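Q: Here is how the chains run, residue by residue.
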Amino acid sequence: MTWSSFIKIIVKYWPMFLRGAGVTLYIAIIGTIIGAIIGLIIGTIRTIPLPDNKAKRAILKVINTLLSMYVEVFRGTPMIVQAMVIYYGSLMLFNIDMNKMFAGIFIISINTGAYTAEIVRGGIISVDKGQFEASHAIGMNHIKTMLYVVLPQVVRNILPAMGNEFVINIKDSSVLNVISVTELFYQTSSVTGNVFRFFEPFLIASIIYLVMTLTVTRILRLIEKKMDGPENFNVIPGNQMQVARPEDMVKNSEQTRH
Amino acid sequence: MDNIIEVRHLSKSFGDNEILSDINFAVNRGEVVCIIGASGSGKSTLLRCINLLEKPSGGEILYHDNNVLDNKHDVYAYRTKLGMVFQQFNLFINHNVLSNCTIGQMKVLHRNKEEAEEVAMKYLRVVGMDQYINAKPRQLSGGMKQRVAIARALSMEPDVLLFDEPTSALDPEMVGEVLTVMKDLAKTGLTMLVVTHEMGFANEVADRVVFMDQGLIAEEGTPKEIFNNPKQERTREFLRRILRDAKPE
Ligand SMILES: Nc1ncnc2c1ncn2[C@@H]1O[C@H](COP(=O)(O)OP(=O)(O)OP(=O)(O)O)[C@@H](O)[C@H]1O
Ligand SMILES: [Mg+2]
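Protein chains in written order, with this note's numbering: chain A, -2 to 255; chain B, 220 to 468.
No lab work stands behind these hints: they were computed from the structure.
Since this is a predicted model, take the numbers as computed values, not measurements.
Where a beta carbon is used, it is the ideal one built from N, C-alpha and C, also for glycine.
A couple of the hints might just be wrong.
Stated by the list, open to error - Taking CB as the label site, the calculated pair distances span:
1) B:Lys402 / A:Val232: 44 to 52 Å
2) B:Asp378 / A:Pro227: 49 to 57 Å
3) B:Lys291 / A:Ile42: 36 to 44 Å
4) A:Leu219 / B:Asn285: 16 to 24 Å
5) A:Ile56 / B:Lys402: 43 to 51 Å
6) A:Leu219 / B:Leu435: 53 to 61 Å
7) A:Val208 / B:Ala296: 54 to 62 Å
Claimed, not checked - Within a straight-line C-alpha distance of at most 30 Å, the following computed DSS-like cross-link-like pairs (lysine-lysine) qualify:
8) A:Lys222 / B:Lys326
9) B:Lys291 / A:Lys51
10) B:Lys443 / A:Lys51
11) B:Lys291 / A:Lys58
12) A:Lys168 / A:Lys97
Please take these sequences and the hints and turn them into a complete structure.
A: Structure, rendered in structure tokens:
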């Protein structure tokens, strides 16, 4: 490699790299968010306690079996193969010519969903049983318990794992070049076709990938911190209280005892 | 009398293990009923059966004369009528103090935010936690958490408040603050069903004391009857043991 050709390629082709990086980031962001939503929904369904009613029980069991199959299939096959099967399959079998970008987001989402479903299920199971009981005790049903109490805790707890999924999606979206999604790998390949050199364009691509993944990791750390809220809280001064401080209360109870 | 909850022939088994058998008793409006008994005698299970956190194996639970074990009965609406205070507090850890007291009002009773906050503040003042509305549960001491948990239950304005050993998980110096709040509540005429190991509290506050032994109600009476003049040998035995443990010197 010569330093000058490296510079030349950047100067001449930066718009292609930039567009590729943009598409990669776009697919990764949307795919991770949709995948997370799929995972949260599936995780929630898979943790519904089995109802007593026989018919409802049977329906839930069928749904759970289907969901397990979905998770197994997408975790058990390579995404590059899924991309081919889904894109060309829908074309051949159903005569649907998917928009390439849509196909890319679809494949990333559905994969992330399969992985996240398991992460979410683990997250739900690890929430303290007392949180469920307290929710039920004030009259919340399963859905309300999930929405207002359990899932917010799960989301906080799985955020590091989701960050990991996001990073994986930035990298693995590169396989979508097989169905000609114009993400960073695809654009880099196009550049190599123009300059007849491989090393420099892909070195540039790897630097861009690295910058994206490192940035995303940092941003997620910040979000985690933000979600935890401040370490300290403000005591709101006021004097309409019956009992001001724990110490006073102890005093009170001592007085009543005498 | 105007009874709110009546339990008839209630039984509960876990597998082959019968934990509760043929429990009969009632809680009347304005009454404070304390349930005492040895560890493992089924006190928590009884309380959890009453608000259907556990599914009873047999018998009836009447709420204002309607059997809540009927399939048609709306479990969720029924639960809003019973407040529950847990030994382990179980505050919603993702919500701050105020929000712990408003979330149920808003999402279950469909009160608007303003009204819910007003009600919450009223009860947070009652328990002396209105200064801490912005705190997250992890930032509070055990006694404070339990007072918030009481305010959370009160905010739903239930007919009865159930307590399952509300002071057992507390450091000794924090037991007093929670008991004081509970005594104050009892004076306001709130109906309370309290599982407790605090015999002093039961003696002072209870209208009736229920002594449970091995899944049965062994004896029931006024605090005077139970503490000064128990009829059953096993009640005497239990009280002797617990009083000895309470005063190690
Ligand atoms: N989910 C369960 N599955 C099986 N057995 C259970 C379950 N919950 C409680 N038990 C058993 O039921 C019995 C009564 O338990 P319970 O918690 O009601 O006692 P308790 O009177 O509240 O005791 P403590 O004073 O220790 O709280 C115990 O022997 C316990 O092991
Ligand atoms: Mg118990």
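Q: Honestly, do B:Lys402 and A:Val232 meet the 44 to 52 Å range at C-beta?
A: violated (25 Å)
Q: Can you let me know if the beta-carbon spacing of A:Leu219 and B:Asn285 is within 16 to 24 Å?
A: The hinted range 16 to 24 Å is violated for A:Leu219 and B:Asn285, with Cβ atoms some 53 Å apart.
Q: Could you grab the alpha-carbon distance between A:Lys168 and A:Lys97 and see if it respects the 30 Å cut-off?
A: holds (18 Å)
Q: Given the proposed pairing of A:Lys222 with B:Lys326, does the C-alpha separation stay at or below 30 Å?
A: holds (28 Å)
Q: Between the beta carbons of A:Ile56 and B:Lys402, is the distance compatible with 43 to 51 Å?
A: holds (50 Å)
Q: Against the 30 Å threshold, does the CA-CA distance of B:Lys443 and A:Lys51 hold or violate the hint?
A: With a Cα-Cα distance of about 50 Å, the restraint between B:Lys443 and A:Lys51 is violated, given a limit of 30 Å.
Q: What's the verdict on B:Lys291 and A:Lys51, does the C-alpha distance respect the 30 Å limit or exceed it?
A: Cα-Cα ~16 Å, so holds.
Q: For the range 54 to 62 Å, tell me whether the beta carbons of A:Val208 and B:Ala296 fit it or not.
A: holds (55 Å)
Q: Can the suggested window of 53 to 61 Å be confirmed for the beta-carbon pair A:Leu219 and B:Leu435?
A: holds (58 Å)
Q: Indicate whether the distance between the beta carbons of B:Lys291 and A:Ile42 respects the range 36 to 44 Å.
A: Violated - the Cβ-Cβ distance for B:Lys291 and A:Ile42, about 26 Å, lies outside 36 to 44 Å.
Q: Holds or violated: the 49 to 57 Å window for the beta-carbon distance between B:Asp378 and A:Pro227?
A: Roughly 38 Å apart at Cβ, these two residues miss the hinted range, so it is violated.
Q: Could you grab the alpha-carbon distance between B:Lys291 and A:Lys58 and see if it respects the 30 Å cut-off?
A: holds (24 Å)
Violated hints for the displayed structure, listed by number in ascending order: 1, 2, 3, 4, 10.
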